[in-house]
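Chains as they are written, first to last, in the working numbering: chain B, 4 to 127; chain L, -4 to 364.
Simulated from the structure, these hints should not be mistaken for laboratory data.
Mixed in with the good hints, there may be bad ones.
[Stated by the list, open to error] Label-pair restraints from in silico Cβ distances:
1. L:261 with B:91: 56 to 62 Å
2. L:358 with B:74: 46 to 52 Å
3. L:344 with B:127: 31 to 37 Å
4. B:45 with L:304: 48 to 54 Å
5. L:1 with B:125: 18 to 24 Å
6. B:66 with L:303: 21 to 27 Å
7. B:66 with L:285: 22 to 28 Å
8. L:241 with B:81: 53 to 59 Å
9. B:83 with L:294: 20 to 26 Å
None of these values were measured; they are calculated from a predicted model.
Each residue gets a CB set at the ideal place from its N, CA and C atoms; glycine is no exception.
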Amino acid sequence: MSTKYTKEHEWIVVDGDIATVGITNYAQEQLGDVVFVEVPDAGKQLSQGDEAAVVESVKAASEIYAPITGEVTAGNPALEDAPATINSDAESAGWIFKMTISDASELDDMMDAADYKTHVAGLE
Amino acid sequence: MSEKTENLKQTPLDALHRELGAKMVPFAGYHMPVQYTGILAEHTHTREQAGLFDVSHMGQAAIRGKHPATALENLVPGDLRSLDDGYTRYTMLTNDQGGILDDLMVTRRGDHLFIIVNAGCKDADFAHIAANLPPGNELEIMPDRALLALQGPKAAAVLSRYASAARHMMFMTSESLHIGDIPCIVSRSGYTGEDGYEISVPAEQAEQLARMLLDGEEVRPIGLGARDSLRLEAGLCLYGSDIDTTTTPIEAGLIWSISKRRRSEGGFPGAAIIQGQIENGPARKRVGIVPEGKAPARAHTEITDKDGNGIGEITSGGFGPTVGGPIAMGYVATDFAKAGTAVNLMVRGKANPAVVTKMPFAEHHYFKG
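With these hints in hand, go ahead and build the complete structure from the sequences.
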């Protein structure tokens, strides 16, 4: 397994041919209290950059984009009743959806943990 | 937020906000605290204990002259001639189309009126008022004053420790009080639906006052984020979102702020249009809307009837922490304005069912003796 990060503050854990996607701890701190999450249904086809999910804080709604191309295999059902899991555990229990990986090369340009840390440090 | 951070003004509490760990954002030309610990916690704390808000970005001014109430009545539909000394009234500056230039609080303080207007409108408001006051009256802008709001069920107990008379003030009254040794203008009013006070204080003593109030264990600093969710639950209008130059006080459901005399006499900008809407009913009305599901509907969400015909638009919407779910307000065609009417909200291409609902969403707790 390896974890990749995007400039849009998503994390992608790759396990075989399935990617699990969520938002980073930095992203949840920026959003504040999450009160609603709309996750995609299994079977939904996504191209890299498509709108995949919506995370809403008290203040605003933020779109979550598909980091890669593939088919959704599951949305996180726990987020319906406990959206604040994204605040408490963004990079594990707060995962948003899982999807297949159509083109593994789409992962090549993404950051690893060290690069992402540097990226975030540059934003503050 | 797309405002540039350069050239932003600071309130007298700027350093205190940063010391308290606030997340600062640009708002109406100022650096303002949007939150300290988190909007949900701050919202709930205000409903259960007491919250201190810095609203020093708002505009404060006095109108002086022989007959300041009569003078300002030329610009607002509120009844100011009947405003007794020490009382505060909510009204709005209207334009010739009956639209709202701003909403404001007007307090009679002896021989003059004390007004508080919105930050984003204050320059335009003051220019408009100054240009339109009859001769013999003048507007005195008070840029050297800060404004704090202390809101919540414990507000009276906290403020009374420093100014015992505060406890006995009624909702929408105002007094000059010393809080500790700081001379303040205290009004029992606010923007949260809770009991509480708005306190005008000399800018150089604002931080001292804020620290004094924050000393109370019931009091926490509250940012603009929770201020917005609190006022939305209270059903109160946000200028620029729920009311603006294209909405009239009648469409906005603010007819209660226009007395019988002013309805019949007119004598304010747009009076003919507003009187016509009072007589014939407006074509649209501001209503409360509760989505049936969990998805919030934000400002500018289209409202449709059950057949998919557009009937209006959400003007404010989000999550109500005290309600525990999504709430919104917006304008609908009058036929759909009755509480209980089923409508749809078009959120990300889906028609989410919702119901027109009476406001407030969270009960008001004003102190009326």
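Cross-check of the supplied hints:
no.	hint	result
1	L:261 with B:91: 56 to 62 Å	holds (57 Å)
2	L:358 with B:74: 46 to 52 Å	holds (48 Å)
3	L:344 with B:127: 31 to 37 Å	holds (36 Å)
4	B:45 with L:304: 48 to 54 Å	violated (34 Å)
5	L:1 with B:125: 18 to 24 Å	holds (20 Å)
6	B:66 with L:303: 21 to 27 Å	holds (24 Å)
7	B:66 with L:285: 22 to 28 Å	holds (24 Å)
8	L:241 with B:81: 53 to 59 Å	violated (43 Å)
9	B:83 with L:294: 20 to 26 Å	holds (24 Å)
Hints 4, 8, counting from the list given before, are not met by this structure.
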